[in-house]
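Asker: One letter stands for each residue in the lines below.
Protein chains: 2
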Amino acid sequence: MPTAAQLTRLTLIGLPNIPHVQPGDDLATLLIASLEVAGLAIEPGDILVITSKLVSKAEGRFVDLRTVEPSARACRVAERTRKDPRMVELILRESSAISRMRPDVLIVRHRLGFTLANAGIDHSNVGREGEDWVLLLPEDPDRSARQIRQRLHDLAGIAPGVVISDSHGRPFRIGTVGVAIGLAGFPAAWDKRGQHDLYGRELHITVTGLGDELAAAAGLVSGQGAEGLPAVLVRGMTLPPGEGCAADLVRPEALDLYADHQDAGE
Amino acid sequence: MPTAAQLTRLTLIGLPNIPHVQPGDDLATLLIASLEVAGLAIEPGDILVITSKLVSKAEGRFVDLRTVEPSARACRVAERTRKDPRMVELILRESSAISRMRPDVLIVRHRLGFTLANAGIDHSNVGREGEDWVLLLPEDPDRSARQIRQRLHDLAGIAPGVVISDSHGRPFRIGTVGVAIGLAGFPAAWDKRGQHDLYGRELHITVTGLGDELAAAAGLVSGQGAEGLPAVLVRGMTLPPGEGCAADLVRPEALDLYADHQDAGE
Numbered sequence: 006m007p008t009a010a011q012l013t014r015l016t017l018i019g020l021p022n023i024p025h026v027q028p029g030d031d032l033a034t035l036l037i038a039s040l041e042v043a044g045l046a047i048e049p050g051d052i053l054v055i056t057s058k059l060v061s062k063a064e065g066r067f068v069d070l071r072t073v074e075p076s077a078r079a080c081r082v083a084e085r086t087r088k089d090p091r092m093v094e095l096i097l098r099e100s101s102a103i104s105r106m107r108p109d110v111l112i113v114r115h116r117l118g119f120t121l122a123n124a125g126i127d128h129s130n131v132g133r134e135g136e137d138w139v140l141l142l143p144e145d146p147d148r149s150a151r152q153i154r155q156r157l158h159d160l161a162g163i164a165p166g167v168v169i170s171d172s173h174g175r176p177f178r179i180g181t182v183g184v185a186i187g188l189a190g191f192p193a194a195w196d197k198r199g200q201h202d203l204y205g206r207e208l209h210i211t212v213t214g215l216g217d218e219l220a221a222a223a224g225l226v227s228g229q230g231a232e233g234l235p236a237v238l239v240r241g242m243t244l245p246p247g248e249g250c251a252a253d254l255v256r257p258e259a260l261d262l263y264a265d266h267q268d269a270g271e
Numbered sequence: 006m007p008t009a010a011q012l013t014r015l016t017l018i019g020l021p022n023i024p025h026v027q028p029g030d031d032l033a034t035l036l037i038a039s040l041e042v043a044g045l046a047i048e049p050g051d052i053l054v055i056t057s058k059l060v061s062k063a064e065g066r067f068v069d070l071r072t073v074e075p076s077a078r079a080c081r082v083a084e085r086t087r088k089d090p091r092m093v094e095l096i097l098r099e100s101s102a103i104s105r106m107r108p109d110v111l112i113v114r115h116r117l118g119f120t121l122a123n124a125g126i127d128h129s130n131v132g133r134e135g136e137d138w139v140l141l142l143p144e145d146p147d148r149s150a151r152q153i154r155q156r157l158h159d160l161a162g163i164a165p166g167v168v169i170s171d172s173h174g175r176p177f178r179i180g181t182v183g184v185a186i187g188l189a190g191f192p193a194a195w196d197k198r199g200q201h202d203l204y205g206r207e208l209h210i211t212v213t214g215l216g217d218e219l220a221a222a223a224g225l226v227s228g229q230g231a232e233g234l235p236a237v238l239v240r241g242m243t244l245p246p247g248e249g250c251a252a253d254l255v256r257p258e259a260l261d262l263y264a265d266h267q268d269a270g271e
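Just so you know, the protein sequences line up as chains G and U, in that order. Each residue of the first sequence is one higher than the one before, counting from 6 in my numbering. Each residue of the second sequence is one higher than the one before, counting from 6 in my numbering.
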């Protein structure tokens, strides 16, 4: 009979008491303070999954829509999508192409490579007065993940894996799921090709979206309760060796069978 | 300071000692035996995530490719995809349409509605002699999930949530992630519209793919080690009220902006 210690067990803990973050706040310091409140300390192999919203706030990625002058192109797209032209202007500035547009829908290829609705620009939980403030994704979430990881190492002596997560819709399936848009400290895609199955047959199509599965798992915890838990500690993963980044999870356009773009109204 | 009990904590445990399953095996009995080995019993609110492969084996969804006569259409698709015409024949029988095909790639809309490679037909870990046996997805995974849940209730007195998981590739992103193809006992999609954010703003696009996030989380545990852990206990979720099924996660074709099909070579 396996003892409890021999079971394969993964634990996810929502970090408590994360305050409302202001531009310039040091997230690593806040995360360690929260771990202390929870009676926890970073252990080797731990992973911290942090919502992109928390990172964006710390990086001051707020935009006041009243300061945005929509281009003629943004106005055309806004008409077709029935969206605020100033919001569309920001979405287009953050994007390299329009993937799909319909009334109330604007799915783009983000400059970071991700295909997602509204370039990930967020109107809810922004935490500023009035209806006019929105929040862009972090400028370079992989860089943010590396910096947070380094800073956690400096403060705590141990560098955890770091994932910066966002919630994306998907073609074909209903509902958003957590995905990794920034990552540091381990491979984002776990390539098991060359390994063998239980019966000695070589595994074929076995690259696992490890960073995305971690973000999805953390999403289960972040989504609990009305309060929101913007950082989740994941303990118990045996990670593959190596380093990676969330950009490794972006399928190159030339290899993407669904990456046709729509006319942007030009 | 919150006590350990007040922290939001999710625990995932890979069930040990699941034997090689044979057609006709009662999975609920095997799962409860495994839980006992692990010193665990089902508690209210628990969720069991079971790989589709385990369910398919118990349901005897094996096919001997030597018994499959490929149609002329299957032969044409096999030529374009460089796949075994007998395998293509099975894929087409399991599918309602071809989504994309290229050399070495055949992505279809499965008769169950899912868009996935090779109709989910599996060649690895099948556990039968020779190269000629393959394994189809369960005939009706939502029905299987309901049956397993009912049988667990009969045996253990508590009905856990049940998810039957598969690993799917995604447009736009590298690597497979766990998704729910069968589900019973709770809503597969968690509709939070109408709730309010931290600042009182009504949440807009907030249907979460709860069943998929659970399957992805369990995939982190199932994928640990070479042995494979085909069933994972998830403990600690506060589930939304209601019942659902994995079919709720399939975006209706008419509402799917990426659901154009390719000519099937006819």
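Hints listed in this document are in silico derivations from the structure and should not be mistaken for laboratory results. Glycine is no exception: its CB is placed at the ideal position from the N, C-alpha and C atoms. Any given hint could turn out to be false.
Unchecked claim - Some chain G residues close to chain U (C-beta under 7 Å, calculated; not the full set): (1) Arg14; (2) Ser101; (3) Ile103; (4) Thr120; (5) Val182; (6) Ala194; (7) Arg198; (8) His266.
Stated by the list, open to error - So, partial list: chain U residues that the calculated Cβ filter (under 8 Å) puts toward chain G: (9) Leu234; (10) Thr243; (11) Arg256.
Asker: Decide, hint by hint, whether the structure agrees.
Answerer: Now the hints, each set against the structure:
no., hint, verdict
1, Arg14, "holds (5 Å)"
2, Ser101, "violated (13 Å)"
3, Ile103, "violated (11 Å)"
4, Thr120, "holds (4 Å)"
5, Val182, "holds (5 Å)"
6, Ala194, "holds (5 Å)"
7, Arg198, "violated (11 Å)"
8, His266, "violated (12 Å)"
9, Leu234, "holds (6 Å)"
10, Thr243, "holds (6 Å)"
11, Arg256, "holds (5 Å)"
In summary, the structure is inconsistent with hints 2, 3, 7, 8 from the numbered list given earlier, while agreeing with the others.
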